[in-house]
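From just these sequences and the hints, can you work out the full model?
Just so we're aligned: the sequence shown equals residues 3 to 227 in our numbering.
Note that these hints are calculated values from the structure, not bench results.
Honestly, I wouldn't trust all of these hints.
Said to hold, decoys possible - Capping the alpha-carbon separation at 25 Å, the derived lysine-lysine pairs in BS3-like fashion look like this: (1) Lys-33 - Lys-62; (2) Lys-187 - Lys-200; (3) Lys-126 - Lys-23; (4) Lys-143 - Lys-156; (5) Lys-128 - Lys-66; (6) Lys-154 - Lys-187; (7) Lys-200 - Lys-150; (8) Lys-126 - Lys-154.
Every value quoted in this text rests on a predicted model; they were computed, and no experiment measured them.
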Amino acid sequence: MVFLRIEEADATLVLLKKDSKKYILFIQEKKVEEEVWTGYRIGAEKAESFYLADEAYSNKDVEKLSSLIFECENIYYNLGTSKDLDKLIHNGLENFNRTKSRTGTPNPMIIDPSVLIDSMRLIKSKNEIDMVQEAINITEKGFIEAIKLSSKFKYEFQIQGIMEKEFRMSGSKRNGYPSIVASGKNACILHYIENNQKFEEGSLLLIDAGSEWDYYSADVTRTWP
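Okay, structure coming up:
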């Protein structure tokens with residue numbers, strides 16, 4: 003399940019459900035001098051139409067997020083995700099408490115959204131299933147190439163390169179997670195991602211990897227001699 007297809011760094015999505023539903027976006031400020039180095043930014047002015055947001059603001063206006071708490075009964079947020087957001091929410095709750103406590107209005111509760119989001123991800127639409135399947139198909143191609151050519155190379159990173167080249171050539175822009183390409187005893191390390199060792203004679207090779215397709219990832223593990 004993907005809430006927002008945005009690849010700019012430091013974007014914050016706010017979904018409000020009160021009298022009406024509202025989708026608010028905080029996004030990097032448009033700075034031409036920084037774009038020369040790091041690439042084009044859409045900017046808040048164009049973000050509403052480009053991302054179909056009800057409202058869009060620059061990150062320099064992120065203090066507005068605190069005031070949105072006054073419109074909430076509950077806040078679905080995973081504390082610890084961002085120190086800056088944690089502080090904004092904390093300040094907003096303090097302001098709410100000072101102004102609303104006399105009226106008997108209870109403070110909004112902060113609820114970890116993980117359980118809710120995980121339950122929403124359990125059931126996938128036909129379109130989502132198709133995207134997962136495409137990620138699987140591309141991953142299969144990468145594994146087959148790695149298996150076919152592994153006897154011709156000596157290092158884990160070389161096999162990683164063969165596999166991930168096939169991912170890219172098949173249209174996957176990135177991996178779903180860092181590839182594990184582990185030979186011999188390295189296969190016993192659960193999250194081994196150095197992938198820099200030379201194969202030992204007669205050793206097994208384990209690969210745990212997955213290509214990503216439109217933000218949906220495959221996850222495949224195979225071992226062979």
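- Earlier hints that do not hold, by number: 5 and 8
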